[in-house]
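If you read the protein sequences in the order shown, they are chains E and H.
Per numbering that gives the first Met the number 0, the very first residue in the first sequence carries number 0; after that it's consecutive.
Per numbering that gives the first Met the number 0, the very first residue in the second sequence carries number 0; after that it's consecutive.
Possibly wrong hints are sitting among the right ones.
[Stated by the list, open to error] Heads up, simulated PhoX-like pairs for lysine-lysine below, C-alpha to C-alpha not over 25 Å straight-line:
id	chain 1	residue 1	chain 2	residue 2
1	E	K168	E	K81
2	E	K161	E	K145
3	E	K145	E	K111
4	H	K326	H	K316
5	E	K81	H	K212
6	H	K326	E	K168
7	H	K85	H	K59
8	H	K337	H	K326
9	H	K326	E	K111
10	H	K326	H	K59
11	H	K337	E	K168
12	H	K316	H	K337
Treat the hints as calculated values from the structure; they're not laboratory data.
Here is what each chain is made of, one letter per residue.
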Amino acid sequence: MGHGRSALPAALVALSGLALCAPSTSGAPPAPAAYTATVPGSTVTFEMAPVPAAAGAAGFWLGRREVTWAEYDVFRADPQAKAQRADDPPPGADAITRPTPPYADETFGFGKPGMPALSITHHAAVEYTRWLARRTGLPYRLPTEKEWERACRAGGDESAAKDGRAWVKDNASERPHPVGTRPADALGLFDLVGNVAEWVDSGSAALYPQLAKGGSWMDSAGSASCDSRRVSDPSWNERDPQDPQSIWWQTDATFVGFRVARSFETK
Amino acid sequence: MSDDTGTRRDFIRKSAVAGGTLLAAGLRAPAVHAAGSDTIGIGLVGCGGRGRGAAADAVKSSPGVRVVAIGDAFPDRVAEARERLKELGEAGSVPDERAYVGLDAYQRVIATPGVNYVILATPPGFRPTHLEAAVAAGKNVFTEKPVAVDGPGIRSVLATYEAARAKGLFIGAGTQRRHERGYVEALRRVHDGGIGEIVAARAYWNQGSLWNKPRQPSWSDVEWQMRNWLYFTWLSGDHIVEQHVHNLDVANWALGGHPLRAMGMGGRQSRISPEYGHGFDHFAIDYEYAGGVHVMSMCRQIPDCANRVAETVVGTKGTCELESGAKRYELVGGAAYKFTDSFTNPYVQEHADLIAAIRAGEPYNELRQVAESTLTAIMGRISAYTGKAVTWEEALGSSEALMPTNLAFGPLPVPPVARPGQVT
Numbered sequence: 000m001g002h003g004r005s006a007l008p009a010a011l012v013a014l015s016g017l018a019l020c021a022p023s024t025s026g027a028p029p030a031p032a033a034y035t036a037t038v039p040g041s042t043v044t045f046e047m048a049p050v051p052a053a054a055g056a057a058g059f060w061l062g063r064r065e066v067t068w069a070e071y072d073v074f075r076a077d078p079q080a081k082a083q084r085a086d087d088p089p090p091g092a093d094a095i096t097r098p099t100p101p102y103a104d105e106t107f108g109f110g111k112p113g114m115p116a117l118s119i120t121h122h123a124a125v126e127y128t129r130w131l132a133r134r135t136g137l138p139y140r141l142p143t144e145k146e147w148e149r150a151c152r153a154g155g156d157e158s159a160a161k162d163g164r165a166w167v168k169d170n171a172s173e174r175p176h177p178v179g180t181r182p183a184d185a186l187g188l189f190d191l192v193g194n195v196a197e198w199v200d201s202g203s204a205a206l207y208p209q210l211a212k213g214g215s216w217m218d219s220a221g222s223a224s225c226d227s228r229r230v231s232d233p234s235w236n237e238r239d240p241q242d243p244q245s246i247w248w249q250t251d252a253t254f255v256g257f258r259v260a261r262s263f264e265t266k
Numbered sequence: 000m001s002d003d004t005g006t007r008r009d010f011i012r013k014s015a016v017a018g019g020t021l022l023a024a025g026l027r028a029p030a031v032h033a034a035g036s037d038t039i040g041i042g043l044v045g046c047g048g049r050g051r052g053a054a055a056d057a058v059k060s061s062p063g064v065r066v067v068a069i070g071d072a073f074p075d076r077v078a079e080a081r082e083r084l085k086e087l088g089e090a091g092s093v094p095d096e097r098a099y100v101g102l103d104a105y106q107r108v109i110a111t112p113g114v115n116y117v118i119l120a121t122p123p124g125f126r127p128t129h130l131e132a133a134v135a136a137g138k139n140v141f142t143e144k145p146v147a148v149d150g151p152g153i154r155s156v157l158a159t160y161e162a163a164r165a166k167g168l169f170i171g172a173g174t175q176r177r178h179e180r181g182y183v184e185a186l187r188r189v190h191d192g193g194i195g196e197i198v199a200a201r202a203y204w205n206q207g208s209l210w211n212k213p214r215q216p217s218w219s220d221v222e223w224q225m226r227n228w229l230y231f232t233w234l235s236g237d238h239i240v241e242q243h244v245h246n247l248d249v250a251n252w253a254l255g256g257h258p259l260r261a262m263g264m265g266g267r268q269s270r271i272s273p274e275y276g277h278g279f280d281h282f283a284i285d286y287e288y289a290g291g292v293h294v295m296s297m298c299r300q301i302p303d304c305a306n307r308v309a310e311t312v313v314g315t316k317g318t319c320e321l322e323s324g325a326k327r328y329e330l331v332g333g334a335a336y337k338f339t340d341s342f343t344n345p346y347v348q349e350h351a352d353l354i355a356a357i358r359a360g361e362p363y364n365e366l367r368q369v370a371e372s373t374l375t376a377i378m379g380r381i382s383a384y385t386g387k388a389v390t391w392e393e394a395l396g397s398s399e400a401l402m403p404t405n406l407a408f409g410p411l412p413v414p415p416v417a418r419p420g421q422v423t
């Protein structure tokens with residue numbers, strides 16, 4: 000099911016439907032507005048908020064919340080995508096693959112309702128965005144680290160953890176939380192800092208190392224900020240007893256999830 | 000449960016101090032060194048993902064470990080393993096003449112000179128035969144769990160345990176929670192009275208569905224079933240045995256013994272198509288232990304349902320919450336405790352512990368405890384399949400042998416799905 004709609008800051012206009020534009024007040028081209036979309040093949044919805052262009056940096060939409068299990072599980076269940084095993088031959092470049100079944104409890108006891116999809120690999124996050132792009136016809140992708148940091152700063156999240164607006168070690172009771180349960184930032188984004196750290200596009204397709212931004216429920220307030228970055232390594236999946244290990248699921252990374260991005264200028 | 004070292008409580012305490020391993024006092028080790036060195040030479044029996052993973056874990060666990068020989072029923076599995084093991088460098092290099100294919104490959108692996116550490120990682124139905132052969136050949140063993148799928152298999156394994164003890168062989172088992180530091184520390188506190196007297200426990204393995212390999216035209220019935228071994232009881236024991244044994248092993252570890260009686264139920268509601276063989280997709284079992292202590296056990300492999308893989312031990316003064324996935328090892332109430340020490344990978348640690356014992360000549364044999372945990376799961380399955388209450392003695396003494404006699408690749412009908420109340 001979709002998330003409850005939370006009020007956007009007054010400067011933004013939240014409308015249902017794709018790529019609707021806020022009214023222009025300056026005569027300049029209208030700025031892209033926030034929108035709500037449906038995960039194809041389901042009734043699950045997600046919301047995208049604009050991160051305006053800035054000097055030398057193009058604008059883009061960023062998911063208001065971390066991608067939830069509800070969203071991710073639609074992808075997992077798509078029978079038209081191939082469940083790609085680690086030891087299968089590489090799929091074609093255009094192929095859309097989906098996760099193999101997880102072993103044990105992929106929620107690590109934290110449950111699914113409202114919760115971010117977590118401990119999935121960077122590859123899994125990328126494949127989700129590729130799947131979403133293919134199914135919607137819109138160029139969803141992971142944000143780059145620069146985009147992510149710019150959104151974080153533009154939203155005023157530098158002090159989110161210290162101000163108690165983020166789920167971090169100090170207040171999270173040793174667990175991740177449902178997305179969007181701390182206050183939104185100035186751009187209408189939730190949980191950029193804290194809850195789960197977020198995979199970003201590093202330009203590399205390697206399984207490891209990859210980058211996760213923003214700190215998590217396991218990090219102290221002092222170490223969860225717009226600058227925070229974790230570099231992944233195979234220890235994030237060290238308790239996968241299979242060889243080869245999963246390319247989708249990690250056994251030891253309940254601190255990482257992701258959100259989606261989409262450039263303004265692309266169709 | 001072995002009581003070699005004295006009283007039940009003493010046994011628990013000593014084994015916990017030793018990292019949860021089963022001590023057999025008074026036995027000394029034979030010479031186990033290969034060719035005058037202390038090299039551990041792995042003979043891998045079963046080259047699937049877990050076998051390859053176990054070989055890699057063993058190599059990573061300790062210096063001086065290498066893979067000497069490998070074997071599997073299927074040539075593609077052997078080829079894959081040889082390729083994958085190359086990632087271990089020289090330690091994983093296996094030449095043609097020590098890579099065996101066929102249902103009898105285990106015999107040739109075990110007999111290969113330089114093999115002194117046999118890893119058994121085939122589907123569980125073969126385990127009793129493979130264990131017996133390895134111990135008869137005087138080899139130390141790391142055996143994956145479970146170690147059998149039926150009563151006759153357990154009786155064989157218990158005889159092998161005794162034979163291994165008599166020979167002073169070393170046997171480790173893939174019940175890796177026994178080597179997971181959080182479990183060891185938390186249950187040591189439980190056994191020291193940290194939650195008072197144990198009055199109940201709960202054990203869960205509820206998850207989604209697992210893999211299935213589409214049948215290929217060239218596959219015989221036996222090959223199809225072996226490649227989809229999860230769904231055929233002669234191979235897996237069903238998922239209560241193959242998977243939930245981990246949680247039941249923790250229950251037995253916590254309670255210091257095995258159940259006396261099981262009354263359970265189960266069925267298949269989601270995996271009902273032929274590719275899922277005749278296995279159930281859910282079980283719930285009430286186990287009764289000595290002193291009237293009950294363990295509630297449930298396991299499920301159905302997608303999009305509530306998941307939980309964990310154990311809870313309930314005492315008169317508090318509870319012990321154990322959840323490997325989330326690394327939760329906690330006493331709540333009583334002598335409250337939360338494990339926060341450094342973590343070691345239990346899949347590697349279980350080999351490190353076994354190899355350290357071999358090299359130190361310290362007796363080490365986990366076969367009886369894993370056999371008892373396996374039989375715990377088997378009696379639960381029998382109860383669910385039949386709909387009848389089952390005692391430990393009935394399960395252990397059962398004459399129901401699930402492994403086909405004179406197994407060869409060829410036709411093998413799938414048994415009907417068990418119907419409780421209609422099975423004699």
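Status of each hint after checking the structure:
no.	hint	in the structure
1	E:K168 / E:K81	38 Å, violated
2	E:K161 / E:K145	22 Å, holds
3	E:K145 / E:K111	30 Å, violated
4	H:K326 / H:K316	23 Å, holds
5	E:K81 / H:K212	13 Å, holds
6	H:K326 / E:K168	16 Å, holds
7	H:K85 / H:K59	14 Å, holds
8	H:K337 / H:K326	10 Å, holds
9	H:K326 / E:K111	18 Å, holds
10	H:K326 / H:K59	22 Å, holds
11	H:K337 / E:K168	16 Å, holds
12	H:K316 / H:K337	16 Å, holds
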